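For the record, the sequence lines run as chains A and B.
Counting in my numbering, the first sequence runs from 1158 upward without gaps.
Counting in my numbering, the second sequence runs from 1158 upward without gaps.
Hints may contain errors.
[Stated by the list, open to error] Covered stretches of chain A, going by a simulated chain B footprint (3 or more residues, C-beta under 8 Å): (1) 1187-1200; (2) 1272-1280; (3) 1288-1300; (4) 1404-1410.
It should be emphasised that the hints constitute simulated quantities derived from the structure, not laboratory data.
Computed from a predicted model, the values in this text were never measured in an experiment.
For glycine and all other residues, C-beta sits at the position ideal for the given N, C-alpha and C.
There are 2 protein chains.
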Amino acid sequence: MQLKADVLSIEAGGPLIVVMNKEDAGDLGVISSDRIFVRYGDKHAICILNISTEDSPGILGIYGEVAQKLDVKDGTIVEVEPARRPESMDYIREKINGQRLSPWKIQRIVGDVVERHLSDIELAAFVTALHVNGVSMEETEALSRTMIWSGKQIDFGRSPILDKHSIGGVPGDKTTLIVTPIIASAGYSIPKSSSRAITSPAGTADRMEALAPVDIPFNKIKKIVNEIGACIVWGGSIDLAPADDLFIRVEYPLSIDPLLLPSILSKKKAMGSTHVVIDIPVGVSAKIKTLNEAEQLASDFIELGGRFDMNIECAITEGSQPIGYNIGPILEAREALETLYGKGPHELVDKATNLAGILLEMVGNKNGKQMAMDLINDGKALEKMRQIIDAQGGDASVKPDDLVPGEYTYDVPAPRDGRALWFNNRDLVKVARAAGTPNDKGSGLQLFAKTGDKVFEGKPMFRIYAEKEGKLENAIKQLKTLRPIEVGEKVGEDMMKKRIGKPTAPSREFILER
Amino acid sequence: MQLKADVLSIEAGGPLIVVMNKEDAGDLGVISSDRIFVRYGDKHAICILNISTEDSPGILGIYGEVAQKLDVKDGTIVEVEPARRPESMDYIREKINGQRLSPWKIQRIVGDVVERHLSDIELAAFVTALHVNGVSMEETEALSRTMIWSGKQIDFGRSPILDKHSIGGVPGDKTTLIVTPIIASAGYSIPKSSSRAITSPAGTADRMEALAPVDIPFNKIKKIVNEIGACIVWGGSIDLAPADDLFIRVEYPLSIDPLLLPSILSKKKAMGSTHVVIDIPVGVSAKIKTLNEAEQLASDFIELGGRFDMNIECAITEGSQPIGYNIGPILEAREALETLYGKGPHELVDKATNLAGILLEMVGNKNGKQMAMDLINDGKALEKMRQIIDAQGGDASVKPDDLVPGEYTYDVPAPRDGRALWFNNRDLVKVARAAGTPNDKGSGLQLFAKTGDKVFEGKPMFRIYAEKEGKLENAIKQLKTLRPIEVGEKVGEDMMKKRIGKPTAPSREFILER
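Just chain A, same shape as in the assembly (with noise of 0.2 Å):
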């Protein structure tokens, strides 16, 4: 059949979708959600069917990716007609049927989804049957493998390569930034990719760009590694896993996260590291709520590294209440300079130090907290890290009180005299997120008081900073229905927590950063 192309000014964001007016799919013999064969001159695509009952016959809309892959415009003539639906969604039905996939099947699967072969409601029922029935070890490393094949790799051509990675979900957690630069100082190599905050106030990624550039291409960044050991970018500018975000699409949604190991497997792998530490914070508004989770999450990530020939270990680390005393990127940007200027809090130092120590260990030192320690005392990771700066671009001589959070603050004031008992850190990021955070670099949070600390009746806990006054105003309203830090005596003397008339659904919000 001929139709003549109407280009949609819009995109799908994953899969490559049609649409077609009703009498011309009755001609054709198709449904809605069916795969059709797009044809125009030697180019092809096999493109899911939306129906229109809106449009006039003989002609095909076009969705924004589609019109680009076919190369087509307004009015070409094309030529469409109906096609298999593809073999994955065989496979996906015996995952929904609990049936176990094998590699083979994860590889089509998994291709079918970077082809963009697969719509949303086929994605989101694999990534649901998934997380229902389970992924067992072998379906982990498939998954791993086939993530790791359809993005590109980086060979540094050296070892061993480090890294750091953190599960995430502490607001506040600025560890890498000085990670990073103690390991380079003690001369070991660790190209850190990260990734921008989706639903935190700052990712390592948002918090680096307030240092310097970090949408840095593929081999500008083997350059930086090979000439000083290190680097801090955007991993989303090197397409290290494009099926990982075409997940994440479905998974953000359903609030559910069941390729967090392959996720994260495939992205070090695929940067070819050899020694991983993995941070796993655990505490009640944490990703990761006890430490038997945490334990049995650490054991996966172990024996799945072993299958790839890379060396893990995890850290399982305190997760209650944020990393230092600041949250958003500038902010934060802040703590970590000064942390590598050795002034930093205790409990940031004793993170990073621990996790780099655990690292140095793996590739042979001893006393690896003390040596970390002793490389930010001496000024070495300091000097690393204006390295780094220099060479994505940024000012290498930056200083602590060169980093400017936002002009408006408001200073939210405790309830009572008392202590501040504990952190509800969800509630934090709404007022950080509110405030502007991660988008506007000088807006976030920075606390006067952690957990175990007095404060005062109408004195200041925290401060709200932000950009705009508009932002100010939102931050400020939310704190109304939200209480961020619980203040009272001392930890269980208050025993009421919350009271339930109705059946309510409780609020769970979800931590997606990997």
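Add chain B to chain A, keeping to what the hints say.
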């Protein structure tokens, strides 16, 4: 945030979708799949956000359904703000995590489905979770009840109201066109709402449409049934179960059908049915493969009916080959009419009179099957059918010979001397659909042999009818890879069924007809 509306010339078919530029979304603090509250004047809608990388800032792309709901045009300035994800997503996640849902939670989910607040991704996850984790009888009841509430209901102001329903899956099943007039000619009310074909060559509505219009307004249905006791109309025109169509949108591409029971029950209840016979055909290429499965389904139907004060009996019927000799709207209407003339093939008469007989016995008659037979033989059922055709606006004097199939035909020869051993219904359906069914009403198949009948090499086994020459060619082309009828000496003598040398995806076509 204020944005300028850009009305997109497409519909999503289900969810309410708006498209925003990446920077605007960042400023608003939302990401793809988040909910956006869109307001224009005193109208508003909660929409699902898609992110575009192409659009310029300040623009809000608005899908057709949203534009209609808000009554906005290109260039209209609308107000947007972030909205909370609907509570129902929390319940969907509970189902994903294997919990049973309370009626209240199911009500919220179905409510959000009907309001189109859930994205394809979310709906697909829900349907997948229902399939994987199973649906309890309590959940089935709650789903049915909510699906009834969400649609229209007809009160005919009388009792009993009889009905017949087939779960479908066998080609050529024109039984409803015979059962309905039989029951009404016995003086009972049987308002039959039926569906069009989704994946089959003809639905009951398509068959009836060869005799009379089926798109009958709500009030006229009531009038017809009050006057003559019966109708055979298209359910789609009366909006009995708006949720069901939205579920089918995601069930079809996934080839899963966890909502079969509530879907059917809710439509029967919406018609006010008090006595229903459910036909469950069983056969290797039917929807239900084994007697065991059929018995389980029958028990569930009966129990569910009881919970809605509805008397249900089930008939497990032979579903291994087409019913009668004709497939396709006009061909089937003709065969049904011939049957009412007393000239139907044995099996079709047997099935129709058995089903009608069960219904007649359910409302207190003795020897229902014989009674049904008599109503055919003395012409009363035919007379009633003429009344139905007339009331719906068709030609009441229609005779079988007036129903003329497509002019392009091809006789498919038997490959060897022998007997028709068995039918592959799905291959038969593929040929029929390639020939133009259900859209081209005159297209279809006419069988010359049924299971066990002798066939002779080179002599016709069945005939293909098409309205267009090109479609006849398509259907003939299909035959090359398909084997709709297996020919051999004697069942069970040829031992080799299939040779498999490499892993393949077994072909598993899906029957969604309800």
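Hints versus structure:
no.	hint	in the structure
1	1187-1200	holds (count 3)
2	1272-1280	holds (count 5)
3	1288-1300	holds (count 3)
4	1404-1410	holds (count 4)
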